[in-house]
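For the record, the sequence lines run as chains P and R. Take the first sequence: its letters are residues 54 to 281, numbered as in our numbering. Take the second sequence: its letters are residues 53 to 456, numbered as in our numbering.
Please note that the accuracy of each hint is not assured.
As the list claims (entries may be wrong) - Here are the simulated lysine-lysine pairs, DSSO-like style, with alpha carbons at most 30 Å apart:
1. K448(R) / K60(P)
2. K359(R) / K192(P)
3. K233(R) / K214(R)
4. K130(P) / K233(R)
Keep in mind that the hints were calculated from the coordinates and are not lab data. Since the structure is predicted, the reported quantities are computational estimates derived from the model, not experimental observations.
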Amino acid sequence: MSVIITKQLAKAYIDGPNTIHALQAVDLEIAQGEFTAIVGPSGSGKTTLLNIIGGLDACTSGQVFIDGRDITTLKDKELTNFRLQHIGFVFQAYNLIPVLSARENVEFIMLLQGVDKKARRQRADELLLAVGLEGQLHKRPAEMSGGQQQRVAVARALAAKPRFVLADEPTANLDSESTANLLDIMARLNAEEHTTFVFSTHDQRVIDRARRVITLQDGRITADVYNG
Amino acid sequence: MVLFKIAWRNIWRNKLRSLVVILSIVVGIFAGVFTIAFSYGLNQQRTESMLRSMVSHIQIHHPGFVGEYAADKTMDNGQVQQELERLPQLEAYTKRVVVQGLAQTAANSAGVMVQGIDPVAEATVTDMHQKVISGSYFDTKSRNPVLIGTKLAEKLKTQVGKYVVFTFQDKLGEVVSARCKVVGIYKSISSKIDETLVFAQIHDLQNLLGMPSEFHEVAVVMQEAGQARTGAAQLQAALPSLTVRAWQEVSPELGYADETMSSSLFIIMGIIMLALMGGIVNTMLMAVLERTRELGMVRCVGMGRVKVFVMIMIETALLSLIGGPLGLAVGASFSAYYGKAGIPLTGFDQGLEAFGISNVVYPVITATEIMQVMAMVLATALLSAIVPGIRAIRLKPAEAVRAF
Ligand SMILES: Nc1ncnc2c1ncn2[C@@H]1O[C@H](COP(=O)(O)OP(=O)(O)OP(=O)(O)O)[C@@H](O)[C@H]1O
Ligand SMILES: [Mg+2]
């Protein structure tokens, strides 16, 4: 059964006299355990799609089912809680709370979920170990490199035990070494923990690592390819 | 609480800005508290010295005498003395004959109020005996000795040892005159008093007015000024044919001063708070604006509006709650210190004396005022937190994170 299903998803922005069709008739299914890249030129609607799937933005028409539940009908408060419980997010930048340490940032999500302190601490440390940051527990974001920060963001996204992780250009600000490193970690978590990843990217090296590549153009899916 | 931890650390992200805000709160509240303490001190001092020099705590008169100074509206010992002695918190009392008249010398004349007093009893009620700056306080064998104020002495161009002629109407309305010897000149806390009030011995005046055992006024001092009202009520009940008034009624402006003062001081405090609130709100709005992405991000990952609001609220409130008590503490300790040491107002002596204020002020601040200021600080803290909090939760998460 698919984790994510979109049906005739459309998003239009009214911009003065013009209507921008950021997404049009997007039908998409993503199954448990996928490692999927959304690609396409700038302005093709990648961020818009991820935001709508992630419950961050409302669509103009169509439906989004997460585990069979139509999230387009949820109220703001329910949606916030839905995101908290079911979706992990990694953004391009500004993922972390600057005044909290790496460990505290990872714990933060679990705190919002109401996980007790001991379990929080233990899981945060496990996750930071998994992303290779066991030595940086007490560092604040500003004291870490961009790559390290993104790894904390991945650990944070996983802390909630989400159904899937959405990552909007997670490597856009990283050098190639950090990019490879982050991809390694994501791929390993996907392989070992069966965590579903959906990420957008421009970077060919990242696209090459994806097992499924969905191409958007002018808000429409123009290609959907499974690699190897 | 992690929200608290985040809020606290966020305050110190922009140390200088936060310190400026906190410092302005400290200074503002310090200034407010000290102003309150100073004003109350000034007022209390004025009240006490007025009571001590003139008004005393309770006054008893014939009902017709009050405000009229009619010489024939007298009372006699009878019940008065007996009832006074039964007053539990009585400190002292004295009888007076009071008459309006004209003082004349070869040089000039002036309208005056002559009080016939029993010098010994009077000294237990008022402090006029300590205010004599030349001559003596009725320590004399002279006939018809009088004590006059410096201002009057100047006006009449007279001095100790010289004579002044006083003219007034006696009990029956006949005009009588007496030649009195100035045995002393006093300088009280009030130049108005110095200009108009003359003291004579009670029996001299009684003889002159043809009322050998009668008097117009009894001035009573209780152990504490605060006991005046209950004492007066008790006396009034026992002496229904007379008018018994506590100092607050005799000299309403002294009583009102406290009330008007406290309301005007709280207006001042309110203005200070409002100004501080403006600064706090501004600072926090700036902080919220700077953190648009960060706040958008936490909303995206599942932090609810209420929690975000509370987080910003805590941060805002913390600014006031660090600065407020600090300012209050500094203000209160300054007030306490100067409440003991006194603040000399050199340079203002002349002007203040006219108001019945001596030139050293002892600030007074009580727990009540401190609590009130504390409540205002708290209200400021919470009120100023609302606008930034609302701004923070108005952010649309998706747009906030998009704004790269
Ligand atoms: N708030 C908005 N108002 C108006 N138009 C918008 C808004 N957000 C996005 N768009 C438009 O929607 C279209 C899709 O934008 P989107 O950000 O999804 O593209 P993208 O594929 O993520 O591009 P990039 O690779 O540059 O990140 C673009 O034409 C964009 O200008
Ligand atoms: Mg994008």
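Quiz prompt | Hint numbers contradicted by this structure | solution = Those not satisfied come down to hint 4.
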